[in-house]
Amino acid sequence: MRAVPISAALIFVSALAIQSALAASVSVQVTNAAGQPLADAAVYAEPLSGQAVPKPNKMLEIEQKGRKFLPLVSVVQAGTDISFPNNDTVRHHVYSLSPTKVFELKLYSGTPGKPVNFEKPGTVVLGCNIHDTMVAYIHIVNTPWFAKTDAAGRAKLEGLPPGKYQLKAWHFNLPLGAQAAEQPLSLAADDGSASFRLNTKN
Amino acid sequence: MQFRSLQSRIATLFLLLILAIQLVGFFAIQKGIHDNARKSIQEELTIGERVFQRLLEQNAQKLTQGAGLLAADYGFKEAFGTNDQETIGDALSTARDRIGAALTMLIDAEHRVRATTTNSHTAGLEQAVMKLVEQAERAGSANGISVDGNHPYQIVVVPVKAPIVVAWVAMAFPIDQRLAADMRALSSLHVSVLTKDDRGAWTPDASTLPAAEAASLALQLKDVPEGMGFFPKLSIGDSDFSARIVTLTKTSAKPAVVVLQRSIDEAIAPYRQLQVTLLFLTAVGIAFAAAGSFVTARRITEPLRQLADIAKQFGRGEYRGQIGIKRADEIGDLSQAFESMRDDIAEREREIIHLAYWDTLTDLPNRAQFTNRLQDAIVHAQKHNENCTILMMDLDRFKAVNDALGHGFGDALLKQVAERLKSQICDETDHIARLGGDEFAILLPNTGVDQAKAVAARILKSFEVPISLDEQTIDLGAGIGIACYPEHGADAQALLSHAEVAMYVAKTSGNEAVAYSASIDKSSQNNLSLLSELRRAVDRNEFRLYVQPKVLLATGEVVGLEALIRWVHPERGMVFPDSFIPFAEQTGFIRMLTRWVLERSAALCADLGRQGLFPKISVNLSTRDLLDQDLPVKFADILARHKVSSSSFCLEITESAIMDDPIRALGTLEALHEMHAELAIDDFGTGYSSLAYLKRLPVDELKIDKSFVMKMESDADDAKIVRSTIDLGHNMGLRVVAEGLENTGIWHLLAEMGCDQGQGYFISKPMPAEQFAGWLAAWTPPEFAAAAGANA
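From first to last, the protein sequence lines are chains A and B. Under this note's numbering, think of the first position of the first sequence as 1, with each following residue one higher. Under this note's numbering, think of the first position of the second sequence as 203, with each following residue one higher.
FYI, nobody ran anything at the bench for these hints, they're computed from the structure. Careful, some of the hints might be misleading.
Stated by the list, open to error - In silico contact screen, one side only, chain B against chain A (beta carbon under 8 Å); selected entries: (1) Lys279; (2) Ala311; (3) Pro365.
Stated by the list, open to error - Ranges of calculated distance between the beta carbons of each label pair, as one might list FRET restraints: (4) A:Thr111 / B:Gly302: 29 to 39 Å; (5) A:Tyr108 / B:Lys264: 31 to 41 Å; (6) B:Gln260 / A:Ser27: 29 to 39 Å; (7) A:Met59 / B:Thr289: 53 to 63 Å; (8) A:Asn142 / B:Lys264: 22 to 32 Å; (9) A:Pro184 / B:Lys264: 54 to 64 Å.
Unchecked claim - Calculated Cβ distances over 12 Å to all of chain B for the following chain A residues: (10) Thr31; (11) Ala34; (12) Thr89; (13) Val116; (14) Val125; (15) Gly127; (16) Asp132; (17) Thr133; (18) Gly177; (19) Leu198.
Here the structure is a predicted model, which is why all the values come from computation and not from measurement. We put the beta carbon where it would ideally sit given N, CA and C, even for glycine.
Could you build the full structure based on these sequences and the hints that come with them?
Listed below in structure tokens is the structure:
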């Protein structure tokens, strides 16, 4: 992640701090079908009550280095821009043929001019035309409250105002075209927790 | 073919052996060839199957690559991603055309067919494709074979990765004629692809065989059980094939197979040449074998045949000639053995002939040869109207010399005689021979009797010179008989026997060379018949016992009688003993006569005894009787049977009889003496005697021979002899009897000399035994005797 201007960050943090005084957090544990902790799972809560959600204002980066996309899995809110800097010695031809967002960045190196905007929610699978093994997943969600599980399969959603949400979890190993697993979430002032057991392929 | 001949047997054996070997070899190699061909076919088919599988694999790989190429194309991926149906369709068609597939399909991740190039076979293949997609999802990609519309297809499925698998591209290629042709070009096997139709019958889909044959194959395939991979013999058209069946699809619903075929004839073809060569060699081998065996058999049997012929020659007596077999082997040994056998046989024959015709001792011809020569001479004489004469010679007293000086001496003597004869005969046509023993013969061809007599005289003169051998001097004498052809005989046998007769006459009469004449023969003829007549005489009782009384000279008393044998021949009348006794003695018949006399005398003795008369009966014994060791036993037997005592008998023996074999004679006499029979010496003074023996003999009586007695009145010497003999006898303690008392004067003389008894015509002639008793009764001694007896 690129360093954003310090002032913006400070403001953001303080805003969040104010928010968090009123918000709860949710800890989510994700495991796979066998009960093992599942890393790189997208966990997100979509409010049910249709309240207004803040718009994203960040730009994400998915770099190519060592003939790999890093990070493998990214979770972004719909409308986020993502740039794909090529920090590799070779050129890459990034493309996505996922219906959610079809785009391609033909053979380039360095940073392409414009970042790509992902306005629709869904899953986008990235590939490189030259390097068949390069793959990355972007899961675009309609909520600002999202997180990615760590190696222990844990993720924490923070700053959630109390209310009713639909808590969802998604992993790239789920069968292609499968919906995210979801469960309802009622959040009051205190923190909650949830767990998902995902029917992943492995 | 003759199977008795050795030649044909050997030849046949050889031939059969070689034939058997050749045939065994031929068939073994044939079998080997066939087995080899079959194995090689099997191997070819197995390899063919592997090649075919590899071909299919290669095909699949090519397809996979081709499909993969399409699936990796970005443009295609993009078209798919953007769901550009048309583009997708074109891309599929292009790809299909590039590779030459029959069908290309695009299936998405949800197993839905998104695009396809053909519609006609879609339904059938789709199922298979779906299955393959499922397989590909697990394994990454997949390929397989499926049948649709009676055509098998090879299908490949590859993933479209964008970058994860988003779809599958499937391509299908027909397994068709082209594949079959490729396979055939690679392996020279016939390839047929067959599928089973709805009715369950196999139909040929593609085949390198002509249509008719393919159809036939399909028909035959019906009978093949499931799962059988190898078909050793398949008849299609007019050829034979071996086939291997390769299953293409595992699903039994729509099975498809590929049949790989190898023509057996083609496979065997290279061996054909070998087989022909083999057959040719076999035939040649047999031909050679036949020739070789025939030749060998011939080689073995030909010499045997030769030897058989030669053996026949031997049989005919031909001992000459070479046996022309020069070999180093067993047959050569045999022929050598034949040669030496032949030589040996010839040699032995010569010896035998020699033995047969020559006398070994004197080296003169023998009787057989002499007889042959005589026959030849007679034939010659007959032809030329000549005489031929033989002389037969017998040595005097040869036996005596042999006995006295030994046989070795006798043989040497004979050799000397032979030499003397040879020296006397100088004419080459004259032949000397030794007939045997001490008999010699001389053949004088073209010679008359007078000439022969001259020769005989010459020979006898030569014998006047004594022969000296080993410091011994022997006087030789011989009797020679002469017989002449044609006067004395018409053939060899007649001449020989007549010469022999003449010879015996010469010996006995003292005439030293006698020519045969018919008169001589008569007596000899008589002699020949005499023996048989004698025998008949015994059987027919022609003999009579005569007795001559013996009286005491002092008193005239009859004290004994001498038993004599007389023969009353039915034709000749009375035959005197002198006529037949010597002959009987020579022939040994005398023993029969003696026994007869003893028998009759014993009977007489018994008879007289019953009449109260006991004269001493004297019976003459001959030499032969003395030598007969059974005589005492026979005598005892006769005595026993007639129940007379031996002391009634006196046995008379001549001096010569004793001297012939003194020792044995003594033995018999001792035996008789012990039986208490008296013994008398007969004809004393006329024969050989040894006084030494005389004193040893157990004799009781001496009989003075009548030759001295009869003339003693007139001959003073005879009288002296008589007197001396009487004294000798008395001095030895013997009784003396005088024979031949013919008048009173002699009686007086004898009585005066002291002789004990007398016997003679004066007293009585011999009379029949049965008359004796009568005579005795009538007998009166002469007065002087009676008076002397009364006075004494």
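Tested hints:
Look at B:Lys279: its Cβ gets to within about 6 Å of chain A, closer than 8 Å, so that hint holds up. Residue-level restraint check for B:Ala311 holds (minimum Cβ-Cβ distance to chain A is 5 Å; threshold 8 Å). A distance limit of 8 Å between C-beta atoms decides the matter here; for B:Pro365 the minimum to chain A is near 3 Å, and the interface restraint holds. A C-beta distance of roughly 46 Å is found between A:Thr111 and B:Gly302, which places it outside the suggested range of 29 to 39 Å.
Look at A:Tyr108 against B:Lys264: about 35 Å separates their beta carbons, and that is inside 31 to 41 Å. The supplied range of 29 to 39 Å is broken by B:Gln260 and A:Ser27, whose beta-carbon atoms lie about 58 Å from each other. Between A:Met59 and B:Thr289 the beta carbons are some 34 Å apart, a value that contradicts the proposed interval 53 to 63 Å. Checking the proposed 22 to 32 Å range against A:Asn142 and B:Lys264 shows it is violated: the Cβ atoms sit about 49 Å from each other.
In this structure the hint that A:Pro184 and B:Lys264 lie 54 to 64 Å apart at CB holds, the actual value being about 55 Å. The beta carbon of A:Thr31 sits about 23 Å from the closest Cβ of chain B, which is more than 12 Å, so the claim that it is off the interface holds. Look at A:Ala34: its CB is around 19 Å from the nearest CB on chain B, clear of 12 Å, so calling it non-interface holds up. The non-interface label for A:Thr89 is consistent with chain B: the shortest C-beta to C-beta separation is roughly 21 Å, beyond 12 Å.
With a least CB separation of 15 Å from chain B, A:Val116 remains clear of the 12 Å interface cut-off, as annotated. The Cβ of A:Val125 does not lie farther than 12 Å from every Cβ of chain B; its closest approach is about 6 Å, which violates its non-interface assignment. A beta-carbon of chain B is positioned within 12 Å of the beta-carbon of A:Gly127; the least distance is around 3 Å. A Cβ of chain B approaches the Cβ of A:Asp132 within 12 Å, the least distance being about 6 Å, so the stated non-interface status is violated.
With a closest Cβ-Cβ approach of about 8 Å to chain B, A:Thr133 is found to fall inside the 12 Å limit, against its non-interface label. A:Gly177, annotated as away from the interface, has a beta carbon of chain B within 12 Å; the closest lies near 7 Å. In this structure A:Leu198 is separated from chain B by more than 12 Å, as the shortest Cβ-Cβ distance comes to about 17 Å.
Checked against the numbered hints listed earlier, the structure breaks hints 4, 6, 7, 8, 14, 15, 16, 17, 18; every other hint is satisfied.
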